[in-house]
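Given the structure of chain A, go ahead and fit chain B onto it with the hints provided.
Chains A and B supply the protein sequences, listed in that same order.
Under this note's numbering, the residues of the first sequence are numbered 626 to 923, in order.
Under this note's numbering, the residues of the second sequence are numbered 6 to 257, in order.
Each hint should be verified, as a subset may be incorrect.
What the hints assert, rightly or not - Pairwise CB distance ranges, derived in the manner of DEER restraints: (1) B:Leu10 - A:Asp646: 54 to 62 angstroms; (2) A:Leu749 - B:Tyr249: 23 to 31 angstroms; (3) A:Gly677 - B:Phe195: 54 to 62 angstroms; (4) A:Leu749 - B:Cys246: 28 to 36 angstroms; (5) A:Pro873 - B:Phe95: 48 to 56 angstroms; (6) A:Lys750 - B:Leu31: 20 to 28 angstroms; (7) B:Ser177 - A:Glu767: 29 to 37 angstroms; (8) B:Tyr249 - A:Asp658: 56 to 64 angstroms; (9) A:Glu886 - B:Asn171: 54 to 62 angstroms.
Derived by calculation from the structure, the hints in this document are not laboratory data.
The beta-carbon is built from N, C-alpha and C at its ideal position, and this holds for glycine as well.
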Amino acid sequence: MEPQTASSSAPPMDDIVTVRDLTVRFGDFTAVDGISFQVRRGEIFGFLGPNGAGKTTTIRTITTIQRPTSGSVVIDGHDIRNDYLEARKRIGIAQQHISLDKDLTVRQNLKQHALLHKIPKSELKEKVESTASILELGDYMERKVESLSGGWKRKTAIVASIIHDPTILFLDEPTAGLDTRSRHMLWDLVRMLNRKGTTIFLTTHYIEEAESLCDRVAIINHGSIVAIGTVDELREKIGKVAVESTDPDGKTVISYFPTREDAKGYTDTLGDDYFNVRRTTLEDVFLELTGESRGKLA
Amino acid sequence: MNNPLSILDETYRVAWGDLVYMKENLPEVLITGLIGPLLYLLAFGYGLGSGMSSGSGAYLEFIIPGIIALSTLSCTFSTVAMKVLVQRLFYMSFDELLLCPVHISSVILGKTLSGVIRALMSCTIIMVVGHLISPGVDIDPLVFVVIFIAGLTFSLFGLLAGMLTNKTQKLSLFTSIVIVPMTFLCGTLFNVSALPDAAAYVIYLLPLTHVSQLMRGIMLDTGIPLDSVVILLFYTAAFFCACYYLIKTNRC
Numbered sequence: 626m627e628p629q630t631a632s633s634s635a636p637p638m639d640d641i642v643t644v645r646d647l648t649v650r651f652g653d654f655t656a657v658d659g660i661s662f663q664v665r666r667g668e669i670f671g672f673l674g675p676n677g678a679g680k681t682t683t684i685r686t687i688t689t690i691q692r693p694t695s696g697s698v699v700i701d702g703h704d705i706r707n708d709y710l711e712a713r714k715r716i717g718i719a720q721q722h723i724s725l726d727k728d729l730t731v732r733q734n735l736k737q738h739a740l741l742h743k744i745p746k747s748e749l750k751e752k753v754e755s756t757a758s759i760l761e762l763g764d765y766m767e768r769k770v771e772s773l774s775g776g777w778k779r780k781t782a783i784v785a786s787i788i789h790d791p792t793i794l795f796l797d798e799p800t801a802g803l804d805t806r807s808r809h810m811l812w813d814l815v816r817m818l819n820r821k822g823t824t825i826f827l828t829t830h831y832i833e834e835a836e837s838l839c840d841r842v843a844i845i846n847h848g849s850i851v852a853i854g855t856v857d858e859l860r861e862k863i864g865k866v867a868v869e870s871t872d873p874d875g876k877t878v879i880s881y882f883p884t885r886e887d888a889k890g891y892t893d894t895l896g897d898d899y900f901n902v903r904r905t906t907l908e909d910v911f912l913e914l915t916g917e918s919r920g921k922l923a
Numbered sequence: 006m007n008n009p010l011s012i013l014d015e016t017y018r019v020a021w022g023d024l025v026y027m028k029e030n031l032p033e034v035l036i037t038g039l040i041g042p043l044l045y046l047l048a049f050g051y052g053l054g055s056g057m058s059s060g061s062g063a064y065l066e067f068i069i070p071g072i073i074a075l076s077t078l079s080c081t082f083s084t085v086a087m088k089v090l091v092q093r094l095f096y097m098s099f100d101e102l103l104l105c106p107v108h109i110s111s112v113i114l115g116k117t118l119s120g121v122i123r124a125l126m127s128c129t130i131i132m133v134v135g136h137l138i139s140p141g142v143d144i145d146p147l148v149f150v151v152i153f154i155a156g157l158t159f160s161l162f163g164l165l166a167g168m169l170t171n172k173t174q175k176l177s178l179f180t181s182i183v184i185v186p187m188t189f190l191c192g193t194l195f196n197v198s199a200l201p202d203a204a205a206y207v208i209y210l211l212p213l214t215h216v217s218q219l220m221r222g223i224m225l226d227t228g229i230p231l232d233s234v235v236i237l238l239f240y241t242a243a244f245f246c247a248c249y250y251l252i253k254t255n256r257c
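Next up, chain A with everything else stripped away, as it sits in the complex (with noise of 0.2 angstroms):
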């Protein structure tokens, strides 16, 4: 499956986030190269990609942080060059570095990030309570967010990120840093957000997260989208049955067949030589696609 791109000017109404040959660049070093895709509204969209391959620039510059150098972004029917006040109202980011004032409380961050989404004065207090309870940071509200551990400062950076109740949620390795628990309650919060109608664009370093909470994913690699499509999709892409064997050396191989009956033909040719044949991951694609690959292609 190739990288979908733009066909028509204007974006599909199902269509939340439009990029189209998007490029940015600083300097002579090219971090994101012509990309183009489309986020459909209601999903949870994953962003994967290897270090440095161009996922948080992809995002800040979607989010209207970092300019492109060329290229557009569309998000929700306003190009973010021309129309980005409105294109921001409708954006929620809790960025990779966590980007709250130190200095101030959780309480006094998250009412700074309401005054600064336009939320109502007479309805700041509430609102800032009632979400703050989503991650139990009740007990932290009068905390300085410098004395927080990182879990808690990353939490409070998500509940920032959604007290405006954006249409299209950014989250940018949301769960770095977070113990299983809390990993946990994020994973349900990001599944009740969608179910409530928030779009959701995830990059994480944790394949299974993606696995688990994606309808689509995207691999991104050195600035360019190398597949995109749902979890079902990529691995067909690869091949969806996978044969680990050991060579001669000891080292392990991995090969991918479309069938198991492709398989059971590569298997019978081993032997009494160990091997297992399993269903293929999205790790065993991101391996593949992204250059680090541990097998073979049948």
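Chain B alone, transformed into the frame defined by chain A:
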């Protein structure tokens, strides 16, 4: 939506966090803003000034407006510049301003508001002290207008420096080689007409010179120099436009 009232509302929304911080740390904010100017008053007014042939009283009258002028710079530039730099590079919270649906003008005014308020508070205290020790120094409502404009100008300058600088050391260096000399040389503590022509010309181009001249004109009732009004407003507009450009083009 882009009307003055919405800009004012947005300015408050942007400034809220900085104002809360200032309110919670008011003693420190005032002390750090007042120590320097009050020491100048003591050292140059009573110390050095008492030995001058013109008499310490006259010199006190001369330097009080100058010290208020230099306070509009010292209370604003470093505070705003450092706050913005820390929020940009260390807290990353400056990004939130680039993500929220408020006008660029509101971001600029919001980030300078705490500097302006700090200047108004500190200068008012110095002015009252100055009036008590030298009654010939008038407290005129126009002075507050000048403090407001000067505080805004130097806060904008601080915002600009905070957005352009990528290291605290560079900001300190800039403060040492530009701000501190300006503090002393722009007619705050002595009359620039005593300087060689070339130096006087350079100093005439600097904004603090005109704040000093305006303060002295109003407080000593010697008339308002219109060229100073124009030049100061030119700097205000120039710094505002530079800040606007940096934010608009995501260069901060």
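Going down the list of hints, with the structure as the test:
1. Taking 54 to 62 angstroms as the suggested C-beta distance range, the pair B:Leu10 and A:Asp646 does not conform, at roughly 40 angstroms.
2. Range check, A:Leu749 to B:Tyr249: about 28 angstroms between beta-carbon atoms, so the 23 to 31 angstroms window is met.
3. Checked against the hint of 54 to 62 angstroms, the pair A:Gly677 and B:Phe195 passes, with Cβ atoms roughly 57 angstroms apart.
4. Checked against the given bound of 28 to 36 angstroms, the beta carbons of A:Leu749 and B:Cys246, roughly 33 angstroms apart, stay inside it.
5. Taking the beta carbon of each, A:Pro873 and B:Phe95 are about 53 angstroms apart, inside 48 to 56 angstroms as hinted.
6. For the pair A:Lys750 and B:Leu31, the beta carbons lie near 24 angstroms from each other, so the given range of 20 to 28 angstroms is met.
7. Take B:Ser177 and A:Glu767: their Cβ atoms lie about 34 angstroms apart, and the range 29 to 37 angstroms holds.
8. Separated by about 31 angstroms at the C-beta atoms, B:Tyr249 and A:Asp658 break the suggested range of 56 to 64 angstroms.
9. Range check, A:Glu886 to B:Asn171: Cβ separation about 60 angstroms, and the 54 to 62 angstroms hint holds.
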